[in-house]
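Enquirer: Now for the letters of each chain:
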Amino acid sequence: MFPSLPGGQAKQSCTLPEPRREHYVNCNAQVRLKNPCTAAFRGRKQVASRETTWSPISRSLDALRRSVLGRPVLPNGRELTTPTRMTLREQLRKKISAAFYRHGLLCASYPVPIILFTSASILTCCYPLLRLPLPGTGPVEFTTGVRDYNVPFHEPQGDLGERPDWYHGPPVAYIQQVLVKAAVSPWDSSLVPVDVFRSPLGKVFSLLEEIRNHVHTDSSGIRSLEALCLQVTGLFPGLRRMQSVLPEHGCLLVSPGNYWQNQRELFDSDPDLLRTIQKHEPKGLHTSATLRDLLFGVPGKFTGVSHYNRKRVVTYTITVVLSHYDASFLNSLRNRLKQLHPSANCSLRDDHMVHVHFKEEIGIAELIPLVTTYIILFAYIYFSTRKIDMVKSKWGLALAAVVTVLSSLLMSVGLCTLFGLTPTLNGGEIFPYLVVVIGLENVLVLTKSVVSTPVDLEVKLRIAQGLSNESWSIMKNMATELCIILIGYFTLVPAIQEFCLFAVVGLVSDFFLQMFFFTTVLSIDIRRMELADLNRRLPAEAGLLPQKPVPLRTREVPPPPRPSPHTITLQTPAFRNLRLPKRLRVVYFLARTRLAQRIIMVGTVIWIGILVYTDPAGIRTYLAAQVSEQSPLGDHGGGVLPPHLPVAPVFRGGDPTSTLSIHPAPDPTTLPENQSQGHLGPARAGRLPHAPPAGPQITWGADDEEGWRRLSFRHWPSLFSYYNITLAKKYISILPVIPVTIHLNPQEAIDMRHPQDTRHPPPSIPKVSADFQTDLTLYKVAALGLAAGVLLVLLLFCLYRVLCPRNYGQNGVAHGRRRRGDLPCDDYGYSPPVSEISPLLLRGHSMDIECLASDGMLLASCCLAGQIRVWDAQTGDCLTVIPKPGLGRSISSSGCWEQRDAWDSLSGAAESECADPSNGCDGALEDECYPLRRRSAPSRPPLFTNQPDLTPLIDTNFASLPPSNVSTPPRVGFDFGGLVERAYTEHEPPSTYPSPSSASSSPHSCTLLQRSPSLGDSTGPSTQDSAVGTQGSGDVSSVWALELRGNLIAAGRSSGKLELWDAVEGSLRCSNEDSVSGITALAFLSNRIVAARLNGSLDFFNVEINKPLGLLHRGAPCRGSVPPSPCYSSEDVINCQLTRSVQCAHHKPITVLRAAAGRVVTGSQDHTVRVYRLEDSCCLFTLQGHSGGITAIYIDQTMVLASGGQDGAICLWDVLTGSRVSHVYGHRGDVTSLVCTNSCVISSGLDDLICIWDRSTGIKLYSIQQEVGCGASLGVISESLLVTGGQGCVSFWDLNFGDLLQTVYLSPSGDGQGVRQLLVLDNAAIVCDFGSELSLVYVPSVLEKLD
Amino acid sequence: MSNSDRRQRPGSKESHRCSWGPYISAITNRTTNLFIRGGMLFSVGVFLALVLNLLQVQRNVTLFPPDVISSIFSSAWWVPPCCGTASVIGLLYPCIDSRLGEPHKFKREWSSVMRCVAVFVGINHASAKVDFANNVQLSLTLAALSIGLWWTFDRSRSGFGLGVSISLLATLATQLLVYNGVFQYTSPDFLYIRSWLPCIFFAGVITMGNIGRQLALYEHSFLQQKTHQD
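Protein sequences, first through last, are from chains A and F. In case it helps, the numbering used here puts the first sequence at residues 1 to 1347. In case it helps, the numbering used here puts the second sequence at residues 1 to 230.
Keep in mind the hints are simulated off the structure, nothing from the lab. Please read all numbers here as calculations on a predicted model, not as lab measurements. Glycine residues also receive a C-beta, built at the ideal position from the N, C-alpha and C atoms. Some hints could be false.
Only pairs whose alpha carbons sit at most 27 Å apart, straight line, appear in this in silico DSSO-like list of lysine-lysine [stated by the list, open to error]:
| no. | chain 1 | residue 1 | chain 2 | residue 2 |
| --- | --- | --- | --- | --- |
| 1 | A | Lys392 | A | Lys338 |
| 2 | F | Lys129 | A | Lys359 |
| 3 | A | Lys476 | A | Lys94 |
| 4 | A | Lys301 | A | Lys729 |
| 5 | F | Lys129 | A | Lys729 |
| 6 | A | Lys359 | A | Lys730 |
| 7 | F | Lys129 | A | Lys730 |
| 8 | A | Lys338 | A | Lys359 |
| 9 | A | Lys338 | A | Lys203 |
Derived CB-CB ranges, DEER-like [said to hold, decoys possible]:
| no. | chain 1 | residue 1 | chain 2 | residue 2 | range |
| --- | --- | --- | --- | --- | --- |
| 10 | A | Ser1256 | F | Phe35 | 45 to 53 Å |
| 11 | A | Leu129 | F | Ile147 | 47 to 55 Å |
| 12 | F | Gly39 | A | Phe153 | 58 to 66 Å |
Take the sequences, apply the hints, and build the full model.
Expert: Structure follows, in structure tokens:
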């Protein structure tokens, strides 16, 4: 799961030298180390902070510790020095660390209240921001009365009242708009659509004339427009194409007449007015202020200049831009125009003028640096948050980090505003810099620190520990940053000061948010991660159950649903998270009811509904059309809906000829009087009397009062920008409009026609096409919307299918339930994890187990009887039985059944288990002893089918004749003829068995092993030895040392013989008996075996594996059909060659032998430890320092070497230099076992005390009193989980605190012998011997924490 | 007219010579790597030059958009390439580090580099936007900011020395250019120019060195990985 990183090696430690175990710990080390970047990131302070980590923990771990040392000792063994000797800095540091620790505990304990509190405080602090103007460039308005208007002073006065601060000084310009509404009235049937706007537009020229020539004369003199208006000097150079339209010099006076250069002749001779207007429209995307808007002064759709104008009212403005305000001139102009063109029903207010202030414009040139800074900001955030690792939801945490920074900035601005500081800087510009200055570093440091705490700690403690680890550096950095920013405050530049102020407040609030908000989020995340691990484990567990074959159940005496009294389950933090079904239950509830599916469906329906409703051609428009048609103020022209259209489109076209053929009869309301009836087709003749002819009504409404509001807010800035006048940070004053109403009679309109106007395409055609187009658009939009909806549904469905497990996405409800019911789980689909640990008993040995070896996959055990059994470490299956050597011949002489009978009569009650048929390793049921692979093996190669293999190479030593399941060969003895004969006769009976290849020998195996006593076993049934008459006394050698590697078992016997057995087949592959001194210890590394002998010599063997050249190769194993094992295939010829024998390695017996990392370490009775190099068996160091014989040695891949002696001393050595690192006395007797982890050394002694030492300082952390006789059995499962053996039970301890986590009783009766040996396998299982039984204990919660 | 564009020019030739030296006997792979790094640094330099140039002309920004493109390239055509070439100074930093045998270990992360670039742009921004009372204040502030930049992101003595020397050289070169009439500043105040230009140069050198080091670190680790794989 974690990438293998180069730095991962450095920290790994190994508790046991077995290779698989090393791999396991390797994983663990990587978890702890994360990645090298982290290590570098945390740098030196890591070392320092580690030491302070534990200081706030005030758990009394061990009373003994205090009493022995008499001084307060920190949990990590550091003595608390007296405060006087501490520098102030250290004191401060400790205090900060303790405070952070407590704070972390608080945050992790109450996540929800704290998050609520933080959100509340953020909102409170941001509240003043509501009063700030929203950022943006929208204009701000201020209205004053016209009558008492004076040009505001330049300098803002004291009592501004509600005057905005920009309202000082004269405006850039005064805008006077003359709003013209013109219509041809009454409308005549002889008129063509062009007449709607041609003559009204033509009136603009006379109006312009009037305005330009207006002169006001009073006492102060004569004033004309020329004097007052804003004189422009030239268009902006880039505006070549506007030259013909916009005035280039003189008064800035804009009107539709500009299209024709304000010349009536041009207008009159223009054949197509609309094209002229359209000509100047920009192509493609245009900004909001188009030229048409500028000239007409009203938004395009309100002008009425089109062929399809139903109202037949044309609206436009003449915009006069004045530079000076002269009330009397404007009044006279207003009066004059009103007098010329009275507006009868006009009630527009004219007493208010509006000042519009424009913010600073952001041009693209300015935008580019801004965008660049934002890009850099995002890159910074990206690169920062990318470093968040090892959390449940990376994105969630990254979001939380960004939210932390952003809301701290908002808080800072809010707080500053609250205390009276008004931000003057451009927020958008300084914002990225503020973020960069505040930075995300602390957040990342916190995450890293918390994540790198031990995984198996409780979440609360992890958070607290992580916080306190980094507390000092966080505080230091914060102080430094504050100092730097405060220095910036003394630059005395207002902008920088303001920036610094924001930054300081932002830093402080960021710190606050980090401590409260982010820490809490992090704790939630980490808790979720543990939950997720649990979830991941669930399917594996569910899959594990059915995989166990049923026959195996018979072997376990306690069946899996064990009665719980045997197990005392302490609910400890490390195991507690196993039962958290509540949240899972919610999830499963959601899944079962398909809530997500339904929500998506409902959401889609709602969305489609909204889509249909808000669609421009959708139902809303239809409704609006319905309503407006019925209302008296409705459309004049074509407001009659043809009833045959179910969904009424918008009738833009006003041509009545085709639409009005049918009156909406079902409409209950009568048409109002002013319904447009001006143009009556023949079909409508019947309605003529009801609708008296009336011209298009010109109405003035509130909309017209400030018509400029409907324009884009960029209207005025763009108009002025054409003349290179910027309105940024300035304001203009808009004077009340002058309404002008013009009614033209039809004759005038006809007179003004251009000859081509009548040649305009018949009005009916565009009408129909427009209608048709509208319909088409409507249907098109509807179809598109529908298609989009369907597509969305499909997409969501696909997403759902992808994201959700297939089994209930596919099947129906009932089906899914049925299927779930089959699984062993409740109806939520959730199978509760087995929280109690149930040991698996491996039975088969008749006597106490003496040696135990494992490589993770397999487990080899040897009992005092000399029988070696190979077990599957995963399932507890007995794979192979290798019986006591030497008896093979006795079998061959007496026959298996006979032997069995003889044994049966003699066997004691204690051995009845093996005889019990239900145990499956005996007699008729012996098949079950065999691995399944065996059965599937094809029959022997033809070469050997009918004759036994007489391979002398295998069996040079007759005493060690392997009699086991190698069916044919080993019937070789001194008497060759007889043996061969017997082999042949032996060869026959197996055919009666279902598996002939295996049956011939295996029945003996079980029988034999019970009968074969170990040499050293005096109490066992060794009296039976006499029954085996043919056996020489030298053959009775017991196994003193056992090693397992790949599928080779190396067994060292008391006779000095080294044997290599195939663990799967149970066949002897090779043996060596160069020396007769008993092998006391063995080490098996890759292809080398090191054997330590009783006489103090050390033998190095080389295991050579030769691929067979052919089947006829001498010594090739007879059975070539066994499936290959991972390391050695059965066809290989295995040679065990003595490469070197160090005769006087020690001058006393070698007691311990360990090998790892290319080193072989021996400990002897002669008080010395020797280190050899494995390759060349060269002695590197002789380590002297113990005053007693060496009894325990530990070495692992990282070359940590520890040794313990009979003097009770423990020494740590540096393997590279041979120097002694530390030397402590810990036990009142022999040190019996030693294990090291990354941080501590665990030792046990004859005094049944387990001591845990700090590895770096050599100070005892605490000790655990063991039961009598069980002191030596201990193992380390993970960095913080220690397992010890007791009387019939094993106990799990939290290594960090010395807490007892759980005790698992191995047998139902609870009595029991002590656990003398304990082996930790790499699948987090523990094997311990338990009298004659082995117990396999799985620790389920450890694995999930590690991967 | 932008002034900050013309930084680091004198360093370019030097950096080429120096960074070629140790690699001349190296494998071609390393050479191509060097070219890639140089190219990246060049583009970064050109980009920064254009953007910072825009910052300088922002004061009299026009409202009407059509001239944006011309305002981007308002400076002479040779300025961005010059800056690009000069920013190959980023090659000089890792080279000097390896020469001195003290690998730079301080904050070698992209996020830190991004922060550095942001602060550099910020310094430019401040010098363009903030109204200072007088030139002394401006140059003092800028100097403090530049030193702060160095202290926050670099903290190496070699970096400081290189920055100071290159910024002095660059200032000298710009002055020479001004004397020869190749270009001239909008502001006639001679002291004004001379006082704040070195600070900007210094900050730019530090920033470029940071980027270059980070790129070199990437190449370093990449090559190491490759040799490991081999």
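Enquirer: Are the Cα positions of Lys338(A) and Lys203(A) separated by 27 Å at most?
Expert: holds (15 Å)
Enquirer: For the pair we were handed, Lys129(F) and Lys730(A), check the Cα-Cα distance against 27 Å.
Expert: holds (20 Å)
Enquirer: Quickly compare the C-alpha distance for Lys338(A) and Lys359(A) to 27 Å and report which way the hint goes.
Expert: Cα-Cα ~36 Å, so violated.
Enquirer: Is the hinted pair Lys359(A) and Lys730(A) satisfied, with a Cα-Cα distance of at most 27 Å?
Expert: holds (7 Å)
Enquirer: At the C-beta level, are Leu129(A) and Ile147(F) separated by a distance inside 47 to 55 Å?
Expert: Because 35 Å falls outside the window, the suggested range is violated.
Enquirer: Under the criterion that the straight-line Cα-Cα distance not exceed 27 Å, is the pair Lys301(A), Lys729(A) satisfied?
Expert: Violated, at about 31 Å.
Enquirer: Are the Cα atoms of Lys392(A) and Lys338(A) separated by 27 Å or less?
Expert: Measuring from Cα to Cα gives roughly 75 Å; hence the hint is violated.
Enquirer: Regarding Gly39(F) and Phe153(A), is the given constraint of 58 to 66 Å on their beta-carbon distance met?
Expert: The hint (58 to 66 Å, Cβ to Cβ) holds, given that Gly39(F) and Phe153(A) are roughly 60 Å apart.
Enquirer: Are the Cα atoms of Lys129(F) and Lys359(A) separated by 27 Å or less?
Expert: With Cα atoms ~17 Å apart, Lys129(F) and Lys359(A) stay inside 27 Å; holds.
Enquirer: Just to be careful, I want the Cα atoms of Lys129(F) and Lys729(A) compared with a cutoff of 27 Å; is the pair within it?
Expert: Given pair Lys129(F), Lys729(A) holds - Cα atoms ~16 Å apart, limit 27 Å.
Enquirer: Is it true that the CA of Lys476(A) sits at most 27 Å from the CA of Lys94(A)?
Expert: The hint holds at about 14 Å.
Enquirer: Given the hint of 45 to 53 Å, is the C-beta distance from Ser1256(A) to Phe35(F) inside that range or not?
Expert: Given a distance of about 48 Å, which is inside 45 to 53 Å, the answer is holds.
When the structure is compared with the earlier hints, violations turn up for hints 1, 4, 8, 11 and for no others.
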